[in-house]
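Enquirer: Line order of the protein sequences matches chains A and B. Heads up, the final residue of the first sequence is numbered 98 in this note's numbering, and it's a clean run with no missing numbers. Heads up, the final residue of the second sequence is numbered 371 in this note's numbering, and it's a clean run with no missing numbers.
Worth flagging that the hints you see were computed from the coordinates, not collected in a lab.
Quick list of in silico lysine-lysine cross-link-like pairs, DSS-like style, CA-CA up to 30 Å:
| # | chain 1 | residue 1 | chain 2 | residue 2 |
| --- | --- | --- | --- | --- |
| 1 | A | Lys54 | B | Lys11 |
| 2 | B | Lys289 | B | Lys11 |
| 3 | B | Lys278 | B | Lys12 |
| 4 | B | Lys278 | B | Lys353 |
| 5 | B | Lys72 | B | Lys103 |
| 6 | A | Lys11 | B | Lys11 |
| 7 | B | Lys12 | B | Lys103 |
| 8 | B | Lys12 | A | Lys54 |
| 9 | B | Lys12 | A | Lys11 |
| 10 | B | Lys131 | A | Lys54 |
| 11 | B | Lys11 | B | Lys103 |
| 12 | B | Lys27 | B | Lys289 |
| 13 | B | Lys131 | A | Lys11 |
| 14 | A | Lys11 | B | Lys103 |
| 15 | B | Lys72 | B | Lys12 |
| 16 | B | Lys289 | B | Lys278 |
| 17 | A | Lys76 | A | Lys11 |
| 18 | B | Lys103 | A | Lys54 |
| 19 | A | Lys11 | B | Lys72 |
| 20 | B | Lys194 | B | Lys103 |
| 21 | A | Lys11 | B | Lys27 |
| 22 | B | Lys72 | B | Lys131 |
| 23 | B | Lys131 | B | Lys12 |
Predicted, not measured: the structure shown is a model, and the values here were computed from it.
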Amino acid sequence: MIRVILPAHLKNLAAVSGEVAVEVLGAATQRSVLDAVESAYPMLCGTMRDRATKRRRPFVRFFACGLDVSLEPDVKPLPEAIAEGREPFMVIGAIAGG
Amino acid sequence: MSRVRVLVGTKKGAFILSSDGRRIRWKVEGPLFGGWEIYHLKGSPADPMRLYASQSTGWFGQLVQRSNDGGKTWEPAGNAFSYDGVAGTHQWYDGTAHPWEFKRVWHLEPSLSDPDEVYAGVEDAALFRSKDGGRTWGELSGLRQHGTGPRWQPGAGGMCLHTILLDPVNVGRMFIAISAAGAFRSDDNGGTWKPINRGLRSEHIPDPTADVGHCVHHIALHPSRPNVLFMQKHWDVMRSDDAGDSWTEVSGNLPSDFGFPIEIHAHEPDTVYVVPIKSDSEHFPPDGKLRVYRSRTGGNEWEALTRGLPQRNCYVNVLRDAMAVDSLDACGVYFGTTGGQIYASADSGDTWKPIVRDLPSVMSVEVQTFL
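Hey, can you work out the whole structure from these sequences and the hints?
Expert: Structure (structure tokens):
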């Protein structure tokens, strides 16, 4: 299982309190992890990335093993520690707007 | 016993204010959806326990929330708003063509007869409808594609469809308003539309009397007389007696005819309320005095309503969807300010009291009356 940490507002929306865990078939990538999160919590569709284009929303960032991977191709495999569930994949609301 | 429920949307959540019919003591509940912008929330006339809310932030985009128990519990409904076909372009601030892009829902208007049917006015301007309680949305694209769309342009707040009026008498008739395109009417349930802006004059556009391009801020109708419309335009308060086919100015003796909301008394179709604002560059009341103006003559003759409202050092604004009336025998009038105050009058505007003073900036106010 892949562990995902959501920002507080999205936890409230999905009615979860801690990390969520999702099953990903095939390689763990940004796209496959987010597909799995949206499948498990459909109310999050459109909140992290555009529904149609799958492009990341401008003020949402993705972190893996302490690194900002937001600008990486969304089909690039995530680090092994994420794929094996040793580290969480983090969705973060960017600090913006003052 | 009669009671009222005031639904308040703010920059940082929603609040529900409730009272019995005396409207003296209020219970304040919230914030709901804390931290999110709630552009609008409104109850279904067909089932007052069914509420819809437009929830958004710049971070996480647009959601629509639905309650089946009067706001005690909520569930996310659908948020897939896709323009029908090729989205096309509208005018940008500099006059260049700009692609239509969905940004947010400004206004939710539940059907008069079906709790599961609800309309959404969105930015960039378009009208959507759901027939399944907000789960799925389809664009009524006859509005955006009827021909003038490429000439619409954003107002200072964006290019938003902010007003939706459903005619309770003439089946299939509805009105909408867009900043800055103007007012439009459909007579076939939203299938086809026509601009209804004859008589409007806007000096800030190349052709001041053009058929579209006017920055209409809000329109209102009384359910007993839906062919009569009142409009607060960017500048000018207007009236139409022919369902929008033509308009005449009724600003009369207002201290400023710039403003945002306009509302009509629940039982007196010729009693109209506006909140004059100094100018489009100074979004606060003239002379630092918060005054609601009331006309009992359908416009032109206006009186200032000041009792209970701050008459010095007041520099708040009242936004277009932030005024509403109840339908108790003594009509209640309510409005919210960008300073977070909700003012209520239980006597048609003669006297005012704050229900609550320190909410986040208020974006919308709606009222449900339980008789």
